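A.B. asks: Residue-level listing of the chains:
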Amino acid sequence: MTEPIAIAPTPEDPPLSPENAAVLVQLTRKDFVSDQEVRWCPGCGDYSILAQTQKVMPDFGFPKENIVFISGIGCSGRLPYYMNTYGFHTIHGRAPTIATGLKAARPDLMVWVITGDGDALSIGGNHILHSMRRNVDIKVVMFNNRIYGLTKGQASPTSEFGKVTKSTPAGTIDHPISPLSVALAAEASFIARSVDTHTEHLQATLNRVGWHHGSAFVEVLQNCNIFNDGAYREFTDREVREDRMLVLEHGKPMIFGKDRDRGLRLNGHQPEVVRLGENGMSEADLLIHDETDPLIAFMLSRIFWPEFPVPVGVIRDVRLPTHDELMTAQVEAAVAQRGVGDIHALLTGSETWLVE
Amino acid sequence: MTTTIKRPVEVLELDRVTIRFAGDSGDGMQLTGTQFTRTAAVFGNDISTLPDFPAEIRAPAGSLPGVSGFQLSFSSSDIHTPGDQPDVLVAMNPAALKSNLGDLPPGGALIVNEDAFTPGNLNKVGYASNPLVDGSLSSWNLFAIPIGALNSRALEGLGLTSKQVDLTKNFFALGLMFWLYERSMEPTIKWIDDKFGKRPVIAESNRRALKAGYAFGETTEMFHTTYRVPAAHLPPGTYRNITGNEAAALGFVVAGQKAGRNLFYGSYPITPASDILHQLATYKNFGVKTFQAEDEIAAIGSAIGASYGGALGMTGTSGPGIALKSEAINLAVMVELPLIVIDVQRAGPSTGMPTKTEQADLLQVLYGRNGDSPIAVVAPATPAECFDLAFEAVRLALKYMTPVVYLSDAFLATGAEPWRLPDVDSLADISVANRTERAGFHPYDRDPVTLARPWAVPGTAGLEHRIGGLEKADISGNVSYDPDNHHLMQTLRAAKIAGIANDIPDLEVFGPAQGDLMILGWGSTYGSIRSAVERLQADGHAVAHAHLRHLNPFPNNTGAVLAGYRRVLIPELNLGQLLLLIRARYLVDAVGYDRVRGKPFRIAEIVAEAERLLAEN
Numbered sequence: 001m002t003e004p005i006a007i008a009p010t011p012e013d014p015p016l017s018p019e020n021a022a023v024l025v026q027l028t029r030k031d032f033v034s035d036q037e038v039r040w041c042p043g044c045g046d047y048s049i050l051a052q053t054q055k056v057m058p059d060f061g062f063p064k065e066n067i068v069f070i071s072g073i074g075c076s077g078r079l080p081y082y083m084n085t086y087g088f089h090t091i092h093g094r095a096p097t098i099a100t101g102l103k104a105a106r107p108d109l110m111v112w113v114i115t116g117d118g119d120a121l122s123i124g125g126n127h128i129l130h131s132m133r134r135n136v137d138i139k140v141v142m143f144n145n146r147i148y149g150l151t152k153g154q155a156s157p158t159s160e161f162g163k164v165t166k167s168t169p170a171g172t173i174d175h176p177i178s179p180l181s182v183a184l185a186a187e188a189s190f191i192a193r194s195v196d197t198h199t200e201h202l203q204a205t206l207n208r209v210g211w212h213h214g215s216a217f218v219e220v221l222q223n224c225n226i227f228n229d230g231a232y233r234e235f236t237d238r239e240v241r242e243d244r245m246l247v248l249e250h251g252k253p254m255i256f257g258k259d260r261d262r263g264l265r266l267n268g269h270q271p272e273v274v275r276l277g278e279n280g281m282s283e284a285d286l287l288i289h290d291e292t293d294p295l296i297a298f299m300l301s302r303i304f305w306p307e308f309p310v311p312v313g314v315i316r317d318v319r320l321p322t323h324d325e326l327m328t329a330q331v332e333a334a335v336a337q338r339g340v341g342d343i344h345a346l347l348t349g350s351e352t353w354l355v356e
Numbered sequence: 001m002t003t004t005i006k007r008p009v010e011v012l013e014l015d016r017v018t019i020r021f022a023g024d025s026g027d028g029m030q031l032t033g034t035q036f037t038r039t040a041a042v043f044g045n046d047i048s049t050l051p052d053f054p055a056e057i058r059a060p061a062g063s064l065p066g067v068s069g070f071q072l073s074f075s076s077s078d079i080h081t082p083g084d085q086p087d088v089l090v091a092m093n094p095a096a097l098k099s100n101l102g103d104l105p106p107g108g109a110l111i112v113n114e115d116a117f118t119p120g121n122l123n124k125v126g127y128a129s130n131p132l133v134d135g136s137l138s139s140w141n142l143f144a145i146p147i148g149a150l151n152s153r154a155l156e157g158l159g160l161t162s163k164q165v166d167l168t169k170n171f172f173a174l175g176l177m178f179w180l181y182e183r184s185m186e187p188t189i190k191w192i193d194d195k196f197g198k199r200p201v202i203a204e205s206n207r208r209a210l211k212a213g214y215a216f217g218e219t220t221e222m223f224h225t226t227y228r229v230p231a232a233h234l235p236p237g238t239y240r241n242i243t244g245n246e247a248a249a250l251g252f253v254v255a256g257q258k259a260g261r262n263l264f265y266g267s268y269p270i271t272p273a274s275d276i277l278h279q280l281a282t283y284k285n286f287g288v289k290t291f292q293a294e295d296e297i298a299a300i301g302s303a304i305g306a307s308y309g310g311a312l313g314m315t316g317t318s319g320p321g322i323a324l325k326s327e328a329i330n331l332a333v334m335v336e337l338p339l340i341v342i343d344v345q346r347a348g349p350s351t352g353m354p355t356k357t358e359q360a361d362l363l364q365v366l367y368g369r370n371g372d373s374p375i376a377v378v379a380p381a382t383p384a385e386c387f388d389l390a391f392e393a394v395r396l397a398l399k400y401m402t403p404v405v406y407l408s409d410a411f412l413a414t415g416a417e418p419w420r421l422p423d424v425d426s427l428a429d430i431s432v433a434n435r436t437e438r439a440g441f442h443p444y445d446r447d448p449v450t451l452a453r454p455w456a457v458p459g460t461a462g463l464e465h466r467i468g469g470l471e472k473a474d475i476s477g478n479v480s481y482d483p484d485n486h487h488l489m490q491t492l493r494a495a496k497i498a499g500i501a502n503d504i505p506d507l508e509v510f511g512p513a514q515g516d517l518m519i520l521g522w523g524s525t526y527g528s529i530r531s532a533v534e535r536l537q538a539d540g541h542a543v544a545h546a547h548l549r550h551l552n553p554f555p556n557n558t559g560a561v562l563a564g565y566r567r568v569l570i571p572e573l574n575l576g577q578l579l580l581l582i583r584a585r586y587l588v589d590a591v592g593y594d595r596v597r598g599k600p601f602r603i604a605e606i607v608a609e610a611e612r613l614l615a616e617n
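Here the protein sequences line up with chains R and U, keeping their order. Numbering-wise (the numbering used here), the first sequence opens with residue 1 and increments by one. Numbering-wise (the numbering used here), the second sequence opens with residue 1 and increments by one.
What the hints contain is simulated information worked out from the structure, not anything from laboratory work. Nothing here was measured: the structure is a model prediction, and the numbers come from that model. Idealized CB from N, CA, C, for every residue including glycine. Among the clues, some could well be false.
Okay, the calculated bits of chain U under chain R, using three or more residues with CB under 8 Å as the criterion [claimed, not checked]:
hint : region
1    : 247-254
2    : 258-271
3    : 308-319
4    : 465-476
Taking CB as the label site, the calculated pair distances span [said to hold, decoys possible]:
hint : chain 1 : residue 1 : chain 2 : residue 2 : range
5    : R       : V355      : U       : A615      : 38 to 48 Å
6    : U       : D295      : R       : K30       : 50 to 60 Å
7    : U       : P235      : R       : Q36       : 52 to 62 Å
8    : U       : T161      : R       : S350      : 24 to 34 Å
9    : U       : Q164      : R       : V340      : 36 to 46 Å
10   : R       : R39       : U       : P448      : 25 to 35 Å
11   : R       : V340      : U       : G197      : 20 to 30 Å
12   : U       : Q164      : R       : H250      : 44 to 54 Å
13   : U       : L64       : R       : A170      : 25 to 35 Å
14   : R       : C41       : U       : N485      : 18 to 28 Å
15   : U       : E56       : R       : Q270      : 20 to 30 Å
Chain U stretches covered by chain R per the calculated footprint, using a threshold of three residues with CB under 8 Å from any CB of chain R [said to hold, decoys possible]:
hint : region
16   : 130-140
17   : 167-173
18   : 234-244
19   : 276-286
20   : 548-559
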C-alpha cells in the first residue's frame, strides 16, 4: 500500500494573468475574426455576443493559437466558426465534457465553452453540474433566450411557466430553473450575468470571465427576435434598464435606479427593495455586494423582474485549485514519490519466473 | 520448506488438473483460486482460469444466487482453456455443491466443508436430506471434512471473533489443495505477510489456517494419493501471470510511450471494465491521466477532448456504455481524431448479466450508430494477447486518425494465463507527428496512402481552424451541405478504414490449407476452438482453425482462406453476428454454432458440432 499523496497546491499566477498580459502578445479584434460568413438571423442577440467576445480577446495578451472555443448544438453552437482561434463544434450538451478532457490534457490552453439554455441545462445538465463542481478551468458562456431557436421554437428549461410554444400549445407545465442557482449549487467558482445588448457591461463581464481560473459560468440574457422576441424587454430596454436592473460591484452597496435612489436590503432574511431617504433608509442599510459570499450569491440568483430588479454583473468569484492543477499535482507527486515510470519494471510486475 | 511425511502416500503424475473452488460470495473463493493460480504459474505450469461470480457483492449467505466459483486448469503441456469440467470440486456449502455438482464428472473428487451442511443451509437450497450422508453422492469420490471446526481449533488463542475465524476457512481449503497437489505454501505466505503486515494477528490467522489445511492432508487417513503436475515446456523467456484487463492496461501504457503521447483515460465505472480504470489510475508516474467521469458520455467526451489536444485519448466501458457513447463515437468519426474505445463485453441485452461473458456487441460496435460510420475494430483472443491488441489499437488509431474499438469480454478480462514478457525495446515505434507546417495546411487534406487528415493541435501557431460534427467540405474542412461533397466524404471515410486491410497481418491457418472444415472464430473462443481442432486433427480429420483479430477491416486473405474448405463453422457466444458478416461479405455458406449461457464454450461441444458437420455430405 502506498500512502495517499497530500495535495494542497497554492493557486499561483499562471501565464494567463493580468500581471503577465502586457508581456505577451498584442492583438486586435480583427485577429479574432474568422473568414466564415456569420449566419444567424438578422437582429439576433448572438451578433452582439460574438462582437463583444472578439473585442475582449486581445485584453488577455494570450496567443490566439492557445485559445479554444468549444460549443454544443443550438444557435450558440455556431460561434466557434466565427472566431479565428481553434474551435470545436461538438454534440448536443457535451461541450463541457470535451473541454474537460482538453483542459486536463493541455493545461496551457484557454478554453471557452459556448452553450445555450437547452444545451447547457436540458440535454447537457449533468455535464454543467460536474464540470462546475470539479472546478474545471473553463469559461462557460450560456446564451439564455428562454426558447429552442435552432429547432424553431419549443419550450426550453428556462421558459416561463405557462409559455405557449409550438410544443406546448396549451402552455408549458414545466417550471423554469434559474441558471445562476444551478451554477451555484454546482459549486462554480465564478458566476456572472449580463445582457446581449448592454455591450459595455457584457465586455466588462467577459473580461472578468477570461481572467478567472476555475469553472466560470456566465449567463447572457439574449434576445431571439424570431421565436421569443422581447423576452427581456421589460427590464433591458434603454429607458427602463437602470430602474429595473441592479448592476453589482464588489464591495459596493446594492444601489440602482436612474437617480440611484433605490437599493436592496435584507429585512430579516428576505431581500427588500427600499427607497433611500424614505423611512429613514440610507446607504448604510443596504447590502454590500461580496463576490466571495455564497449566501449573497444565492439570494441574487433567486431574485428577478418584476418582483425585484434583475441583478447583473459578477455574482461570485473565488480562486480555488482547478481540476487540471490538481490532476497535474497528482502526476508530479507520483513522479516525485516513485520516479519516472520504468516500462520494463512495469511489465515485470511483482512476480515472474524464468523458463529456460 | 521442511515437512515430515507422517505416512506413506502414493504420488501420481498427471498432465493436467482442473480444480473448481465454490462457496458463498463472502467465502473468498476468488482469492483462493487466484492464490492457487499464482502458485501453479510460478511453479511453471501452463494455466488458464475462469472466475465465475455473482453481480451481487454479498447475496444472502448460503443462497444459490450467492455462489461464487473460480475454476483453474494447470498443466504440464500447452493448454488453451480453463477446462470443460473440473476434476476436483471444492464446495464450501450446500449451495455451492448444488449449483456446481452437475459439472463434476462421475468419479471426480468432491471436497466438501461438512460443517456448513446444517439443516438450515440444506433447507435454504432445497435439499430434503443431507447429501453427504444419504448416499446420493456415491458416484463421486467424496471427502467430507469439518473444515470450519478444524480451522477454529487451529486458530484458538488468537482472540479472534468467530466471524474473523470463519473468514479464514478458505485458506484451510487452499492449504489442503496445496498438499494434495504438492505445491509450496511459500508464495501465499509471502502474500499474506505483504497484505496483512500491519495487522499481525490477521496475518497469523491466515498463516495458521493455510498450514492447518496442509497438515490435515498430511495426517488424515482420508487421502491415499497426492498428485504431481510437472512444469510445462513453454517457450523460453520470462513469464508472469496476467489477466486480460491487466494485460490491456499495460499494452495501452506501453503504446502511449512508444507513440510519445501522454495517455488520457476517461471512464465511468462498469463491470467488467472498471479494473482497467483502477489499474491505469496507479500509473500516474508514467504521465497517465485518468478521469472518472459523471457518465459514459462525459467519459468519451473527455477522451475526444484529450485527443483533440494531442494526447492519446481513451475511454473504456462495456456494452451498455457503448450504447451511450454512440453519438460521441460518431463525432470522432466526423472530426477524424484518434480515439480508443474499450468494450469489455458482458451478457446483454440491457443490464443483462453483468459479470457473465458474451460476444454480442460485435454488430453494435460496427453498426450501432447513425449514418454510415466506419471504424476499426480489433479483438484479442487470449488474456495475454490483450497486451498485443491494445498496442495494435493505438497504432491504428494514430496512424489512421480514427476511433478504434478494442473488443474484449468478461472471460478474457478476468481470466488469467502465463504471459511471456515482450521485449519492449523491439516493439515498433508508433509515433505520428503533429502538423506544424503552415504552408499548404488544410484541416481535411489527406495522406495519400493512409487517407488520414493532419493532426493540428491547439497551440500550433498559424493552424487555427474549426472542426465539428457537421459535414465537412473535402480539403478545407468548412461546413458543407453540398450533395456531391457528402457522397465523396462518405466514401473517403469508408476507404480510409477499408485501407487498413493492407496494413494488418494475413489471417493465419492452423491446420491444412484445404480440407473438409474450417472453424473460424474471434475473441475469447480461441482456446475452446483451438483445443477442439487439435482433438479433431488427432482423430484424423482435415479440420483447420483460423481466428480473426481484426474485425474491421478483415484481413485481405480472409475470403481466400475460407474458400479452401468444404464447410465453414463459426462458433460464437452470440446468436450469429460474425456469421452474418462473413456470409454477407464472402458469399460463403458458413454455419453458426451459438451458445449464450454467459460461459465460454466447452471443447467437447465444439468437437461434437464439428463431427456432426463432418458426417454430413
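A.B. asks: Run every hint past the structure and note whether it holds.
C.D. replies: Each hint, compared with the structure:
Counting residues of the region 247-254 of chain U whose CB falls under 8 Å from any CB of chain R gives 3; the rule of at least 3 is met. Given a C-beta distance limit of less than 8 Å, the hint that chain R covers the region 258-271 of chain U holds, as 3 residues qualify and 3 suffice. Closer than 8 Å: that is the beta-carbon criterion, and the region 308-319 of chain U has 5 residues meeting it against chain R, so the requirement of 3 holds. Coverage of the region 465-476 of chain U by chain R holds. Counting CB-CB distances below 8 Å, 6 residues qualify, and the rule asks for three or more.
Checked against the hint of 38 to 48 Å, the pair V355(R) and A615(U) passes, with Cβ atoms roughly 41 Å apart. Checked against the given bound of 50 to 60 Å, the beta carbons of D295(U) and K30(R), roughly 41 Å apart, lie outside it. Between P235(U) and Q36(R) the beta carbons are some 59 Å apart, a value that agrees with the proposed interval 52 to 62 Å. Separated by about 31 Å at the C-beta atoms, T161(U) and S350(R) satisfy the suggested range of 24 to 34 Å.
A hinted range of 36 to 46 Å holds for the C-beta pair Q164(U) and V340(R), which are about 42 Å apart. At about 34 Å, the beta-carbon gap between R39(R) and P448(U) stays in the expected band of 25 to 35 Å. Take V340(R) and G197(U): their Cβ atoms lie about 28 Å apart, and the range 20 to 30 Å holds. At roughly 59 Å, the beta carbons of Q164(U) and H250(R) sit outside the given window of 44 to 54 Å.
For the pair L64(U) and A170(R), the supplied restraint of 25 to 35 Å is violated, since their beta-carbon distance comes to about 54 Å. At roughly 25 Å, the beta carbons of C41(R) and N485(U) sit within the given window of 18 to 28 Å. Range check, E56(U) to Q270(R): about 50 Å between beta-carbon atoms, so the 20 to 30 Å window is missed. A stretch counts as covered by a chain when three or more of its residues have a beta carbon under 8 Å from one of that chain; for the region 130-140 of chain U and chain R the count is 0, and the coverage is violated.
For the region 167-173 of chain U, the proposed coverage by chain R is not satisfied: 0 residues have a C-beta within less than 8 Å of a C-beta in that chain, short of the threshold of three. Check on the region 234-244 of chain U: 9 of its residues sit with their Cβ under 8 Å from a Cβ of chain R, so the three-residue criterion for coverage holds. Residues of the region 276-286 of chain U lying with their CB closer than 8 Å to a CB of chain R number 4, which satisfies the three-residue condition for coverage. Coverage of the region 548-559 of chain U by chain R is violated [criterion: at least 3 residues with CB-CB distance below 8 Å; count 0].
Violated hints, in rising order: 6, 12, 13, 15, 16, 17 and 20; the structure is consistent with all others.
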